[in-house]
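A.B. asks: Here is what each chain is made of, one letter per residue.
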Amino acid sequence: MKINAKDVASGALLIAIAVAGLWLNQDHTLGTARRMGPGYMPMMTFWLQMGLGAIVLVMGLFNGPDKLDRWAWRELTLILASLCVFALLLEQGGLFLAIAATVGVASLGDRTHKPLGVLGLIIFLMALCWFVFIRELDIRVNLWPSFF
Amino acid sequence: MDLFANLYLGMSVALSLDNITFALLGAFIGTAIGVLPGIGPVATISLLLPITFGMSATTAIIMLAGIYYGAQYGGSTTSILLNLPGEVSSVVTTLEGYKMARKGRAGAALTIAALGSFFAGTISTILVAASGPLLTSVALSFGPADYFSLMLLGLIISAVLAQGSIVKAIGMVVLGVALGLVGTDVQTGQQRFTFGVPELSDGIGFVAVAMGMFGIAEIILNLERPESRSVLTNKVDSLWLTREEAMRSIAPVLRGTTIGSVLGILPGGGASLAAFGSYMLESKVSKYRHEFGTGAIEGVAGPEAANNAAAQTSFIPLLTLGIPANAVMALMVGALIIQGIQPGPRMVEAQPDLFWGLIASMWVGNLMLLVINLPLIGMWVKLLEVPYRYLYPAILIFCAIGVYSLNNNVFDVYLTVAFGLFGYLCSKLKLEGAPLLIGFVLGPMMEEHLRRAMLLSRGDPMVFLQRPISATLLGIAALALLTMLLPALRKKKEAALAEG
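Each protein sequence line maps, in turn, to chains U and C.
Residue numbering for the first sequence follows full-length UniProt numbering, beginning at 1 and increasing consecutively.
Residue numbering for the second sequence follows full-length UniProt numbering, beginning at 1 and increasing consecutively.
Note that these hints are calculated values from the structure, not bench results.
Bear in mind that the values here come from a model prediction, so they are computed numbers and not experimental data.
From the three backbone atoms N, C-alpha and C, an ideal C-beta is built for every residue, glycine too.
Watch out, some of these pointers could steer you wrong.
Example chain C residues on the side facing chain U (calculated, C-beta under 8 angstroms, incomplete) [what the hints assert, rightly or not]:
1) Ile170
2) Gln190
3) Ile216
4) Thr242
5) Ala350
Bound conformation, chain U alone (with noise of 0.2 angstroms):
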């Protein structure tokens, strides 16, 4: 037996995201097939994404063999949280300071970056932001601080 272990996670993924699904459905109304209620449709899709898991996890047993990949985690965390940063900051902190928080969590994530180009990077963002989204486009943001 060779296992796909891609395909075997990828089938439960499908099969578990489908059962919370038909679980959280059960508060809305089916209907009837005449008269569809809200529950109808998520009632199908969801059976077939289990059906379609099912098939992917029990073909994943013998079509392999392929190992799971390695995760980047290191990159995955501070792009991700570099992102998070972002909203945390944005309203209360204003636009540029997020700006700079932003980059310098996302700069964390390739080793080739040295601490002047990332500081020339922040201020060279900070006036296209500004002139792109503030002066051209107009969104409503906080430009500076506001914390009190």
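Guided by the hints, dock chain C onto chain U, whose structure is given.
C.D. replies: Showing chain C alone in chain U's frame:
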């Protein structure tokens, strides 16, 4: 002639100062991201979607379309000069194009790529203009059941033509449909799968899904691969073709245009499949097939014409039926819906400016691409010297501000983070993102048509087989699924997509 009157209207729209400026801007951005590996048209268009809100719908679509076909031009430049495809659709061009450059014919390869693309763009634009109204009048006789079957066919073909396992692709389509169900049920007003989060009552943000799955996840994937860009560039000598090269290119360009136009219309097809198809055809039928692998001009002319033709004709299902043929077109649907326009057969009559303006702008855009590409090749190659470490923080910031400005709400940024993580997970499991996006866009429409069809038929599901249009479409869908079960055909598909 009606067609000419319409094209005249289109030209007058496309040549207005606003539209021509943004078409140029789109073509310019498209070429840039086409040259740069690591950022593709899907990510760029979702990145720029929020910026288009302030524009008129026509201008927005013209610019976004420019990015898409601009990327086809830009991708070939780096394929030929650096053996580095900027886009998946120009992977094939590296096979013969780079070899030609090695032989000192880089200029000729670039010229035939641009001219072939321009010719294909012109022909396929005419095709879009001619077939649009024709298909539209057919589509107007569609009932809800026919629509449902048509969308089902679209979803199945997009899964059949996706890379890798077909069952996994269908699984992703279904998951996309499921994600599209989140939000308020249109008919009863009931909240579905919103977990009481008010931001989800309008559904999951389309831009957040596209940007997370295609923008953010891609950045992380690029960062974990060490950068390997060679700065070594082949010299571009003369851009002129020799008489022999020109003669040899005519037939491949014609064949490439034909194969590209056909494959572009198919859902899930699009530019990269067309380029592969054309290369395989040329390597079988060309008189000079023995030269393939050593820099045969046919291997550049054919695929380059094909990918551009496909990029244009993939607009046909979108403009006439409202059905996206690939992930880029799914983004176009998103852009139109945000603008308050429901894509579909009524668009030609309700929005003639948009329909004909877009068609005319495709041709104008192709002409502009010819002009900005050939003389400026040096500049585009210079662009490659910008290291990725400066590029990705800029992409992140644009993503973040763009998503935020949709609703002035940071919730959408967190949603993008979630889909970035999910997109990364999917690519680690070899699950395709494009089928999910198409399912996500089509899901809500399918549900509506399904409910309407079943209401009209009094709950009898046989209606899908009794209506001739619907039955035919379902038959094609079943056939498409069956052919993929045949081992021989599946092998062929795998071979065709292996290098993608």
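A.B. asks: Which constraints among the numbered hints does this structure fail? Numbers only, ascending.
C.D. replies: Going through the list in order, the structure violates hints 4 and 5 and respects the others.
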